[in-house]
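Number of protein chains: 4
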Amino acid sequence: MMSKKLLVDVDCGVDDAQAIMIALAAPNVELLGITCVHGNTTVENVCKNTLRVLQACNRLEIPVFKGAAKPILGNSINAGNFHGQDGLGDAPDPNAPSLDMVQKEDAVSALIRIINQNPGEVTLVATAPLTNLALAVRLDPSLPSKLRGLYIMGGNTESRGNTTVCGEFNFTADPEAAYIVLNDYQCPTYLACWEFTCYSKLSWEFCDAWLAQDTDKARFMAQIFRHSIKASQSEHFEKEFVAGTGFISCDSYAFAAAIDDSFVKESDHYPVSVELTGTHTRGMMIVDTAGFMNKAHKAFIMKKVDMEKFERMMMAALK
Amino acid sequence: MMSKKLLVDVDCGVDDAQAIMIALAAPNVELLGITCVHGNTTVENVCKNTLRVLQACNRLEIPVFKGAAKPILGNSINAGNFHGQDGLGDAPDPNAPSLDMVQKEDAVSALIRIINQNPGEVTLVATAPLTNLALAVRLDPSLPSKLRGLYIMGGNTESRGNTTVCGEFNFTADPEAAYIVLNDYQCPTYLACWEFTCYSKLSWEFCDAWLAQDTDKARFMAQIFRHSIKASQSEHFEKEFVAGTGFISCDSYAFAAAIDDSFVKESDHYPVSVELTGTHTRGMMIVDTAGFMNKAHKAFIMKKVDMEKFERMMMAALK
Amino acid sequence: MMSKKLLVDVDCGVDDAQAIMIALAAPNVELLGITCVHGNTTVENVCKNTLRVLQACNRLEIPVFKGAAKPILGNSINAGNFHGQDGLGDAPDPNAPSLDMVQKEDAVSALIRIINQNPGEVTLVATAPLTNLALAVRLDPSLPSKLRGLYIMGGNTESRGNTTVCGEFNFTADPEAAYIVLNDYQCPTYLACWEFTCYSKLSWEFCDAWLAQDTDKARFMAQIFRHSIKASQSEHFEKEFVAGTGFISCDSYAFAAAIDDSFVKESDHYPVSVELTGTHTRGMMIVDTAGFMNKAHKAFIMKKVDMEKFERMMMAALK
Amino acid sequence: MMSKKLLVDVDCGVDDAQAIMIALAAPNVELLGITCVHGNTTVENVCKNTLRVLQACNRLEIPVFKGAAKPILGNSINAGNFHGQDGLGDAPDPNAPSLDMVQKEDAVSALIRIINQNPGEVTLVATAPLTNLALAVRLDPSLPSKLRGLYIMGGNTESRGNTTVCGEFNFTADPEAAYIVLNDYQCPTYLACWEFTCYSKLSWEFCDAWLAQDTDKARFMAQIFRHSIKASQSEHFEKEFVAGTGFISCDSYAFAAAIDDSFVKESDHYPVSVELTGTHTRGMMIVDTAGFMNKAHKAFIMKKVDMEKFERMMMAALK
Ligand SMILES: [Ca+2]
Ligand SMILES: [Ca+2]
Ligand SMILES: [Ca+2]
Ligand SMILES: [Ca+2]
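Residue numbers (the UniProt record's numbering), protein chains in the order written: chain A, 1 to 319; chain B, 1 to 319; chain C, 1 to 319; chain D, 1 to 319.
Worth flagging that the hints you see were computed from the coordinates, not collected in a lab. Certain hints may be false.
[As the list claims (entries may be wrong)] Under the rule of at most 16 Å between Cα atoms (straight-line distance), these lysine to aspartate or glutamate pairs were calculated in the EDC-like manner:
no., chain 1, residue 1, chain 2, residue 2
1, B, 239, A, 235
2, A, 104, D, 268
3, D, 239, C, 288
4, C, 104, B, 121
5, A, 239, B, 184
6, B, 104, C, 93
7, C, 70, B, 184
8, A, 239, B, 140
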């Protein structure tokens, strides 16, 4: 497997942390930088959480950039409390790195600069509201054509929402950004959508074994993950899961697909967009299976992935 | 099985015809009347088609009522050409009954009158845009409380559309009516949605055997069905079907469920509504699996039905 | 002046009462009936208020019909408290007529019957949410062609709202009904819009003289009007008036125009419609001054009226 | 009068050109730069047009920056042909400056840099779709607090549109950007809206005298203005003007107000926003006269300006 240059955009909740740790453990990955954006928590918390994850993995040399604090229109939705108020399970961390370690360059400028410095080589992975990516393409319309590929966790395919009745969190938190990215990034695009991640869940037994590894990384994960595990098993959140509760590390699927081209076993290939104006459907992803939209560009929508490989990548992440 | 009083509202295309013929053949059904509405074709054609079906079955004593010519807001969508321009495959019928046989009373008044005359006894089946039902409940808000049950073919559960990218025909042809009916008919409500009918399709082999019966009814059906069979197998329509092409008699599932309480083997029970304002999702059914809408009334959404029973009812319809 | 057959649809608040009393006092008017609809208060209160007005004028022989209790979509807005909770200033009326005096026939059926019995002769005046009119035209599409004219109080021309930021009460209380009426009633249509009624206000001095008349009608009016006068002069409502507070009897302008063809001195003649989907503009009237909508039918939008005549009609109403 | 630092954002059509020439002629103005954006024509044409105006005034030392080529969502509307295809009347200009003279720095970065380098001193004038300003505030949320003031030509106050039935061009060409700017720029904000510019039009007689000045600037203006003058007097465009045709240099009012604090004689002071989701009203400005929106920040909406001063500034612009 050739080495891959990854640039990742996160709103570092617990599953972003898991996904980043997969990337840090992957032998073939060069992580060019991590851009942060509002989402699970404030963008300042996201920066801090990202630095904590890098610290836990002894990789603080990877540059972290602060991006948009608000969605395109400026109206933040409540992120709920699935990952805790601070996005990482509200676990105390007295030795957290200082925000001084965040780069002076802002995230959108960094995205534009890094992609232009590595034309055709960067795989962009976004597991957060897509505000940074949307702003970047409006400032530099040539950006998508310079990407190797774009991997997104977000959206939904069967109108099942986890944030509103039909809206998945990352898309609903900034519908305009999702619309811009799905319409303007005409590069190879791979989507790990909400229902897919539910159908591809891991067992709680795997989770136990995963966290039981005798490593600092596993102990870090156990600490930040406690809150979400409890939430996953609460009556309130159980109804949101499409096929029953379980260990669903949403963002990790997008990272795994970006890291390993053979990870995705089956996908649909359809034009996609985002509903912006619905009363119940604002933020819902639109999948045009029958060609009603007359749109040329199509995205790959993940349907089946190599779950054994996924478990191996997850295990390695905490080694 | 106790005898059932059915009142049915149709836009008599070919599948409405099939469904009506199932009801006419059912031993336990008393068909109180057929109300007609715009949809697959003009309401005048719908009346004529309904009379033709009754004639083919020697049941012209059943009263037929003409209802709304346009959806609530007045803007008709194009019905496409799946069932032919006239809704019954554009098959010549020189002996079609005259429109003089349609009742003088309008459909909405008839719905209100018949239901009030049979309080608690009428099972209402609607396999068309829901304009008549919506007008009736606004004129007589007590109507739903006097129904035994309401069976609807319409809407969708996975955002798969057959008329717009996310819109099923009956709901999209009059989204306001569908909204009114799903919100104001707080009686036991059973939905045969688009994806369900696709997943529950019959085989073309069954269709061949079905039409090969040596009866006048089978010959009538073969004639009016020819156009839709061909359309079903065209590249254009194939993409609209959710799980591949096949013999999908949408409206018949709603009738079968209304006729036989044991027909539905498995159903979901969720609050439902209709999106009215979306750019891509106007007319889409909303299924509130996780309780975001704080709505008390829930509909039964059919998931699995007794397909052997279905085949028997279909076969009997052409006997 | 020839005698005119008026049919009026009201949500009998205080200004509806004033308008009805103008019609009752007009020598050339035959009032065929009064249809009631939800709006300022419940449709039951509207029926009761209408009967009280007729009683105060000794005209209880005029038939009163009960219509829609809810707007087309079924979601009532709060009517505020401008006319009091009961719509007539919450003034005690121990001798109010019983609701038994309301006709058995419902309002929509009555509208259809009366207009069909008097083809080309009925002037319809609507000073309430347009639910009844919308239902009537969907049941009988020929209705508008049989009207002499339609006079409406409702809508706005400069995006000034009194109920929402851009929404006038009668239109915002049932936007779908207003849309249906403005699009389907292709008869001569005259609109007394919110800003026009504000620009055409009477002085409080006139109001004092008006109420000071030594008649039972004036005493009745003084009693039911007290609440609204106080509200008009409150800080809360003052901001809603377009050109300063004053005595604005909105509904009376539509009645005056219907009664006397020479009342309207100047009007615009433009296609009009209603916004249904805006976040801030749902219910706002759309005036197509420049021909963007390609719509043939145009409404007369009142701009200047004969204020001396208006004062005379008002004075006569309480004589 | 103290010297003023102006930064201006244009889509250099003919009225932008007139406005820029007013600023260049004003003795107290320091023009820090001109940022260009899509609108009347492509952003490339806008850059070229801006350079041509500067060349006509011998001021090519003023830096010109290229900004967004598309609105926030990416869907351009047709700019019509009021100012000609090239935005400056399609008048031949063989000596037009080369696009090489456009700065390397992009417009949004320039806006952020210049305002941060001159905290509290920059008066920003925007007479185009507000895409650049919207992107800038999302990248640097502190920007508005560092402005002396913001002057915008755009929006409407009485629901009169010149691009759609209720939409003014600059706002309708990028409703999301207008929304962002009106909500996020909480600095002193002054709006020259469409109806105001129509009510404040100059006479064609003034225009004749203005263009008859014996100067190169007047000859340049006569050449680029010919197309728009003819369009203004065409039947098609006449209907769009609110109070009859005339010489309406829309963008010049915003510039004049920015240049001279005593120019605005009367203004309203209300919260404003933009409708994003209406069928007919998308892009319409919302003026909250009665406090329905619970919004603290208010904009100054120009109502009356010093027309003598305006004529003097216009005359000076071509001297
Ligand atoms: Ca995430
Ligand atoms: Ca049907
Ligand atoms: Ca009223
Ligand atoms: Ca401009």
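With a cut-off of 16 Å on the C-alpha distance, tell me whether residue 239 of chain D and residue 288 of chain C pass.
-> Judged against 16 Å, a Cα distance of about 10 Å means the pair holds.
Would you mind confirming whether the straight-line C-alpha gap from residue 104 of chain B to residue 93 of chain C stays at or under 16 Å?
-> With Cα atoms ~45 Å apart, residue 104 of chain B and residue 93 of chain C exceed 16 Å; violated.
Between residue 239 of chain A and residue 140 of chain B, does the CA-CA distance stay at or below 16 Å?
-> violated, 36 Å
Are the Cα atoms of residue 104 of chain C and residue 121 of chain B separated by 16 Å or less?
-> Status violated; Cα separation ~25 Å.
Straight-line alpha-carbon gap residue 239 of chain A to residue 184 of chain B, limit 16 Å = violated, 25 Å
16 Å limit on alpha-carbon distance, applied to hinted pair residue 239 of chain B and residue 235 of chain A | violated, 38 Å
Does residue 268 of chain D lie within 16 Å of residue 104 of chain A when you go C-alpha to C-alpha?
-> violated, 42 Å
Does the structure keep residue 70 of chain C and residue 184 of chain B at a Cα separation of 16 Å or less?
-> holds, 11 Å
Violated hints, listed in ascending order, are 1, 2, 4, 5, 6 and 8; each of the other numbered hints is respected by the structure.
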